[in-house]
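Following the hints, put chains A and L in place on chain G, whose structure we already have.
Just so you know, the protein sequences line up as chains G, A and L, in that order.
Using my numbering, count along the first sequence one by one with no gaps and you end on 326.
Using my numbering, count along the second sequence one by one with no gaps and you end on 838.
Using my numbering, count along the third sequence one by one with no gaps and you end on 1069.
For the record, the hints were derived by calculation from the structure and aren't laboratory data.
Some hints could be false.
Unchecked claim - Just the calculated beta-carbon pair ranges, DEER-fashion: (1) A:W831 with L:Q849: 26 to 34 Å; (2) L:D857 with A:G491: 49 to 57 Å; (3) A:E329 with L:K942: 30 to 38 Å; (4) A:V624 with L:K942: 27 to 35 Å; (5) G:K138 with A:G654: 36 to 44 Å.
Note that the Cβ used here is the ideal one computed from N, Cα and C, for glycine as well.
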Amino acid sequence: MKYLTLAALAVFAPAAHAETPVLNVLTYDSFTSEWGPGPAIETAFEAICGCDLVFSAVGDGAELLARLQLEGARSDASVVLGLDSNMTARASATGLFAPHGQEGANDLPVTFDDPIFLPYDWGYFAFVHDSKLPDPPKSFEELAASDLKIVIQDPRSSTPGLGLLLWVKSAYGARAPEIWAGLADNIVTVTPGWSEAYGMFTAGEADMVLSYTTSPAYHLIAEGDNSKSAALFEEGHYMQVEVAGKLAAAPEPGLADQFLTFMGTETFQSIIPTTNWMYPAHMPAAGLPDGFDQMITPQKALLMTADEAHAARTQALDEWLSALSR
Amino acid sequence: MAERALSLTAAGLAAAVILLLLTPLGALGLSLRGFSLSGAELAALRFTLWQAALSAGISVILAVPVARALARRRFFGRGALIATLGAPFILPGIVAVLGLLSVFGRAGWVNALWGALGFSPFSIYGLSGVVLAHVFFNMPLAVRMILHGWQAIPAERFRLAASLGFSPSAIRRHIEGPMLREVLPGAALVIFVICLTSFVVALTLGGGPRATTIELAIYQALRFDFNLPTAARLALLQFGLCAIAYVVATRISLPSGFGVGADRQGGPPAPTGWHRIADVLAITFAAMFLALPLLAVVLNGLPGMLALPSQVWAAALRSILIALGSTGLSVAVGLVLAMAAARGRGWPALAATLPLAASSLVLGTGLFLILQPYFRPASLALPVTFIINATLSLPFAFRILAPEACSLYVDYNRLSASLGLTGWGRLRWVVLPRLARPLGFAAGLVAALSMGDLGVIALFAGEGEATLPLLVQRLMGAYRMEVAASAALLLVSLSFALFWAFDHWGRRYAAS
Amino acid sequence: MLHLDRLTITQGDFRLTADWQAAKGARIAVIGPSGAGKSTLLSVIGGFFAAHSGRVLWDGTDLTPMGAAARPITTVFQDQNLFPHLTIAQNLGLGISPDLRLTKGDHAAIGAALDRVGLSGMGPRKPAQLSGGQQSRAALARALLRARPILLLDEPFAALGPALKSEMLGLVSTLAEETDACVLMVTHDPQDALSFAPLTCLVAGGVAHAPQSTPDLLQNPPPELAAYLGN
Chain G
1 MKYLTLAALA VFAPAAHAET PVLNVLTYDS FTSEWGPGPA IETAFEAICG
51 CDLVFSAVGD GAELLARLQL EGARSDASVV LGLDSNMTAR ASATGLFAPH
101 GQEGANDLPV TFDDPIFLPY DWGYFAFVHD SKLPDPPKSF EELAASDLKI
151 VIQDPRSSTP GLGLLLWVKS AYGARAPEIW AGLADNIVTV TPGWSEAYGM
201 FTAGEADMVL SYTTSPAYHL IAEGDNSKSA ALFEEGHYMQ VEVAGKLAAA
251 PEPGLADQFL TFMGTETFQS IIPTTNWMYP AHMPAAGLPD GFDQMITPQK
301 ALLMTADEAH AARTQALDEW LSALSR
Chain A
327 MAERALSLTA AGLAAAVILL LLTPLGALGL SLRGFSLSGA ELAALRFTLW
377 QAALSAGISV ILAVPVARAL ARRRFFGRGA LIATLGAPFI LPGIVAVLGL
427 LSVFGRAGWV NALWGALGFS PFSIYGLSGV VLAHVFFNMP LAVRMILHGW
477 QAIPAERFRL AASLGFSPSA IRRHIEGPML REVLPGAALV IFVICLTSFV
527 VALTLGGGPR ATTIELAIYQ ALRFDFNLPT AARLALLQFG LCAIAYVVAT
577 RISLPSGFGV GADRQGGPPA PTGWHRIADV LAITFAAMFL ALPLLAVVLN
627 GLPGMLALPS QVWAAALRSI LIALGSTGLS VAVGLVLAMA AARGRGWPAL
677 AATLPLAASS LVLGTGLFLI LQPYFRPASL ALPVTFIINA TLSLPFAFRI
727 LAPEACSLYV DYNRLSASLG LTGWGRLRWV VLPRLARPLG FAAGLVAALS
777 MGDLGVIALF AGEGEATLPL LVQRLMGAYR MEVAASAALL LVSLSFALFW
827 AFDHWGRRYA AS
Chain L
839 MLHLDRLTIT QGDFRLTADW QAAKGARIAV IGPSGAGKST LLSVIGGFFA
889 AHSGRVLWDG TDLTPMGAAA RPITTVFQDQ NLFPHLTIAQ NLGLGISPDL
939 RLTKGDHAAI GAALDRVGLS GMGPRKPAQL SGGQQSRAAL ARALLRARPI
989 LLLDEPFAAL GPALKSEMLG LVSTLAEETD ACVLMVTHDP QDALSFAPLT
1039 CLVAGGVAHA PQSTPDLLQN PPPELAAYLG N
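Extracted from the complex, chain G is given alone in its bound form (with noise of 0.2 Å):
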């Protein structure tokens, strides 16, 4: 029975520092697991700021701001990284974060200068597809005039799923319920999250899946796989930007700061695209990983702005319930 103590509080005791300053980062689980850009930027940044990066972990980019809702301004953490741009409206509602005060624009498509948040990273969502697909959609409407079968997320529990409601509703606008009608017979299943939907469509239970237009990079990069490709939408693709803030009762906000300027710096955006697969805010000077090279570049950025998505929401997920009721 000692042991098993002793075993438990090896296993389970959070390594001890004493007297350096603790920089507290909340964020998404798949950013600080072993696989994202987490582990690389913490070695980096902890090597200049003298400090103790401690990076927390929620579920996904939605329960992030549930979770620093629920703590409120009694938060540990500095910073918020992982936030999408389509929830900063309400994000910034709450008041619990502070202006981020950094200069300096980023490579962003569109125009993307918001006071509070601040983009690390970027990409547009798509539906990827095997490479092998013969003549793939180029766009929602010939996407539903075919049998292709398609999975998608849940917006009412993801975020993919909630850019995917707005680009519908971003590039048909008051049509969005027309489209939605005619994908009704080929969405084979709606999941709860990114995870699932793409481990069925990996599976085969699917043509196409959303995704980004960046996740064949990471066949092509990590696995040597081409068999993967993002399917090229007329009518643009809507973006998914990922934001970091500052906040306000931050118990560290000095190396927030820090923090917040090395998320600009070449060192931290040269570790996201092959960790988080996804574009950098700001270009680093060796460009991108070959394969990126191989990505499609849609024409047309869509993305509404941090209001403009959040009036959206309500109704453009009632048009998306009722035509997928039916």
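Relative to chain G, chains A and L alone:
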């Protein structure tokens, strides 16, 4: 004296369980004023009830012939099959879904066979898929519960039936019927309430937002809308449905009153002819239905086994420790409540059934709100996980222990009382040996469930404290589907090993 | 001395009263129609069921507040006298120490008790391996070990054949003499009463009557008993 102590302990524990379930609702700002449901919530309620009722009904109806066949036939691999019955239930949701899809999905084996035979492919997505998955998860559980019922019929009753020349239908009517009347409502209740809170499985296989359950609405309210009172209201609705189902099941269930046997060997008679054919079919069908998706899980997991990252071992150890701690707590509380229930009280059963309807997300969020002002959440990850896992698995421990604790009390209470067997002596010499079989089964099930659970630790866990289920999720989130399948296979293997070890211990102890 | 002091037992519509005394060493048959309350009377004396009012006393000590095990009583039931999962020796050992912490001397006593009832060497067996008669003997052996001054027998031999039953009754007589116990035995059979018990308590019409001479009672039975005996 000891009776009083048992009563008080049981009452304290029951109160603690109910408090643990309901206080978080208060912390989320539950308000009963103007309790009403929106149109979407009503639709979710309808779908939730319908799929749960169908899943429960079909699970128990299919389980009866399988349990009967297992009770009266002896064949090679019978023990292994009974042990494997625990496996589907302990599979993490998404792993099981992918396993089921390998068999029944659009690109699954059955469809491949179907296509080869010249039929057009079928799709299971929709209500049928949801029910299929729920039956896959829960039918084996029902088989185990009903099989226990069969085994609890004293051999003397079957001898009597044989001596009176009972036909199989007379045995059904006079012996098996009353047993089923006692066991089935409880089994159906448990499955109904489990399916009530289904969400990942229901949505993924439901084919779209038609398959929205109340639990998904809770998830949405908590995570996307941050509407805590709505989440609390819906969680209360789930408890209400569970309580109603409990009352209905209790009304329907009738004690069979078989009395006691002398531990003689011998089960139900094994009739020949078409009864034998039916039994063979029932067992074959059940074995295939359960084994194929499990086989798919194994096949999906094997290729990535060598690529498993080193972190899985620490995560596995952490998960095992959590499982063992939760098991000790859950089985101990379950035993106390079962013994109190055996003394004819109703409240322990209700307290031990309600956690089935608990949404772990609501529970975790509420506790987080309550504890966070006073403690660092990460410092509480371990105790909170123990307590929540133990509470959420209490219904299973209790359901398994209660019937046998009850017969133990009816049959041997007077003798125990006359000999002054109380407290430790009674536990050591009467309760533990007489209940070894259900205790082993309960401990195995709880341990396996606690291995698979990640509902709450995710809210509290700090840096680097991943459990194995969380690691599976991380791997999937990082595109590593193949390695994730291997980590899931490891998780399933460890869960099953724990389950098997406890269950086997119980059966060996009982037989010695 | 066993004293049933204005005892009233109620159970739903059922009601039974008893108000009498029995001396140490007395042997009393309890007889009466089915459902009259013979077993219930023993349950109340044994401490398994609480009376509505009145007291049970032994040598002036009120037993009413005591639990079954604390009373100076051993009860042998109709069945379930042995735990099926424990050996015969362990079943006997429970009579000495409920947590089975047994000394060498205790084991010797168990062996002697088994010898005494003709079950030598049967200690390691489980009850299911014994015949019905042997199981009854084991239960009696435990009663012998406990050596409580009151022995309540609730038809423990009803299932045994005539020869076996009279052998058991003989065994009970010897044991009772050795321990000078006051024995109350429920029986259906007037012959058992005659051969075993000088006194008989008639339970009928809601009253457990004071014990009276068995031969007298059986020769001049009151109407309820006559109806029961069928003469």
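Cross-check of the supplied hints:
Checking the proposed 26 to 34 Å range against A:W831 and L:Q849 shows it is violated: the Cβ atoms sit about 43 Å from each other. In this structure the supplied range 49 to 57 Å holds for L:D857 paired with A:G491, their Cβ-Cβ distance being about 51 Å. A hinted range of 30 to 38 Å holds for the C-beta pair A:E329 and L:K942, which are about 33 Å apart. The given range of 27 to 35 Å is broken by A:V624 and L:K942, whose C-beta atoms sit roughly 56 Å from each other.
Between G:K138 and A:G654 the beta carbon distance is about 60 Å. The supplied range of 36 to 44 Å is therefore violated.
The earlier numbered hints that this structure contradicts are 1, 4 and 5.
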